[in-house]
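**Q** The residues making up each chain are set out below.
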Amino acid sequence: MNLFLDAFAWLADPANWTGPGSIPQRLAEHLRVSALVLVIASAIALPLGALVGHTGRGREPAVMVSGGLRALPTLGVLTLFGIWIGIGLAAPVIALVILAIPPLLAGAYAGFESVDRRTIDAARAMGMRELQVVGKVELPLGMPIVVGGIRSATLQIIATATLAAYIADEGLGRFIFAGLKTRDYGEMLGGSILVILLALVIDGCFALTQRVVVPAGVRATRTAELRSRPTRSRAVVGRPNTEGNQE
Amino acid sequence: MIEFRGVAKQFPDGTVAVHDVDIVIPPRKTTVLVGSSGSGKTTLLRMINRMVDPTAGQVLIDGTDVATVDPVKLRRGIGYVMQNSGLLPHRKVIDNVATVPLLRGESRRAAHAHALELLDTVGLDRSLADRYPAQLSGGQQQRVGVARGLAVDPNILLMDEPFGAVDPIVRAELQQELLRLQGELGKTVVFVTHDIDEAFLLGDQVVIMQQGGLISQAASPAEILAHPADAFVADFVGADRGKRALHVTEVDGRRVVVDADGRAAGVLAP
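Line by line, the protein sequences are chains G and Y.
Start counting the first sequence at 1; every next residue gets the next number (full-length UniProt numbering).
Start counting the second sequence at 1; every next residue gets the next number (full-length UniProt numbering).
Treat each hint with caution, since some may be false.
Unchecked claim - If the Cβ cut is set under 8 Å, some of the chain G residues that face chain Y in the computed set are: (1) 123; (2) 125; (3) 126; (4) 216; (5) 217; (6) 218.
Unchecked claim - Mimicking BS3-like on lysine-lysine, the simulated pairs with C-alpha atoms at most 27 Å apart in a straight line are: (7) Y/73 to G/136; (8) Y/29 to Y/73; (9) G/136 to Y/92; (10) Y/73 to Y/187; (11) Y/29 to Y/187; (12) Y/73 to Y/92.
In case anyone wonders, no lab produced these hints; they're calculated from the structure.
Using N, Cα and C, we set each Cβ at its ideal position, and we do this for glycine too.
Here chain G stands alone, though its shape is the one from the complex:
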């Protein structure tokens, strides 16, 4: 319990809330790195996943690649890139992008695949162009699952972005590494608590978003349960895989 008291004392110390290297500054850095990683990983994984889900082709390689990437330990990847590129933000960003791609990819293709094939067929038969099928049918209907993938990826990024501090002067991880070095376990635990709180708050926001993006007509289906809607088999979007990522 002493440790927790130390941690709360550290969190409550006004000296830690101002100046360079203060909690607000580290928090902002943490968010900035996380956002940067999310944007880069989304730019790569979402269009790719959408393409796989839309065409139904390339699903096997997509599953293999995302499975393979999931197996990589982020700390190892980070060390490798750190040695290769050197100290700075580039190595952790690359390592985190690799971490974030699998859930984003899986969410995107599962979302697009979940749309009833007959609805898509009807849209095409009415005279929608392929891009219109994607934008007006598949995207709105698959959105909840796509957002689920983004949510899962974001949670992992925020939790793992602490590692950025391992080779860069960035983020809430600084407190953890600094505390470890100076044996200031109050600071270390305080830093961890901040990361946990941040992750919970952001995840809450996504949970809300995920509800909001369910199209009204689909919500109506859920409550009315008027008819079953067969569709192609759904891929499951994995829960955040934390094993091997939080050394």
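Position chain Y relative to chain G; hints supplied.
**A** Just chain Y now, kept in the frame of chain G:
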């Protein structure tokens, strides 16, 4: 007029869905393609709006080979009604009906006004316009599907087992509704079903297809009953049994029509 000339379709896995079909579908009439599953009737229908491209032969609409027309433009000019209505679940009824006019660049206001009129045409209350498809019954959804098919006032209306998923009572209702609509609008309707009764009820011309995409007979219902082309057709339409094999008996001086099981079907009018 829609014309199939030597049309065949073989899928990449080797299955022959349609085998060398020649047929003329007359304008402003209802032509029903009927056959069991695997007879290629849906494939044939989907060749008209290029949802399927034939591997041999030509499909012509008013003399123009559809292969030379941009599929998207072609589809926007042809009404399409499918089983389970195929409505977009995330859009309101009115937006579903207005989908194609909006794709063609009509203003939202004009498209919506026209969509409301179409709801009247297919016998739906305008108060349903703001509902989502899932909030409607199967029969209502199917009517919305028909309204959507009519939205661009197409000459051709393709209907792929549109009443296959509704219960028999609603189905009979929708069939009568279609007959009424066709009487008013006079579209070139191509209708796919596996139900011979539905085919005889709705079709001016009935095309009977058998396994492997072969046409056994294309004629009016009366001609098919009078002169079935072969044993398959005779068996398929059931000309020699049940309620189609009628004969006349005298009861107290009146001529009563009975079916093959001896059940009275009606009285011959003097």
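**Q** All hints, please: hold or fail.
**A** Do the hints match the structure? See the list:
1. Taken as an interface hint, residue 123 of chain G checks out: its beta carbon lies about 7 Å from the nearest beta carbon of chain Y, inside 8 Å.
2. Checking residue 125 of chain G against chain Y by beta carbon gives a least distance of about 4 Å; that is within 8 Å, so the hint holds.
3. With its C-beta approaching chain Y no nearer than about 5 Å, residue 126 of chain G sits inside the 8 Å limit, and its interface hint holds.
4. Proximity of residue 216 of chain G to chain Y holds as hinted, the smallest CB-CB distance being about 6 Å (cut-off 8 Å).
5. Residue-level restraint check for residue 217 of chain G holds (minimum Cβ-Cβ distance to chain Y is 3 Å; threshold 8 Å).
6. The interface hint given for residue 218 of chain G is met, as the beta carbon of that residue sits about 6 Å from the closest beta carbon of chain Y, less than 8 Å.
7. The suggested pairing of residue 73 of chain Y with residue 136 of chain G holds, with an alpha-carbon distance near 18 Å, which does not exceed 27 Å.
8. For the hint pairing residue 29 of chain Y with residue 73 of chain Y, the CA-to-CA distance comes to about 23 Å; that is within 27 Å, so the pair holds.
9. Between residue 136 of chain G and residue 92 of chain Y the CA atoms are separated by roughly 13 Å; this keeps the pair inside 27 Å, and the hint holds.
10. Among the hinted pairs, residue 73 of chain Y with residue 187 of chain Y is consistent with the structure: their alpha-carbon atoms are about 19 Å apart, no more than 27 Å.
11. Of the pairs offered as hints, the one joining residue 29 of chain Y and residue 187 of chain Y holds, with about 7 Å between alpha carbons and a cut-off of 27 Å not exceeded.
12. At roughly 24 Å between alpha-carbon atoms, residue 73 of chain Y and residue 92 of chain Y fall within 27 Å of each other, so this suggested pair holds.
Of the numbered hints stated above, none is contradicted by the structure.
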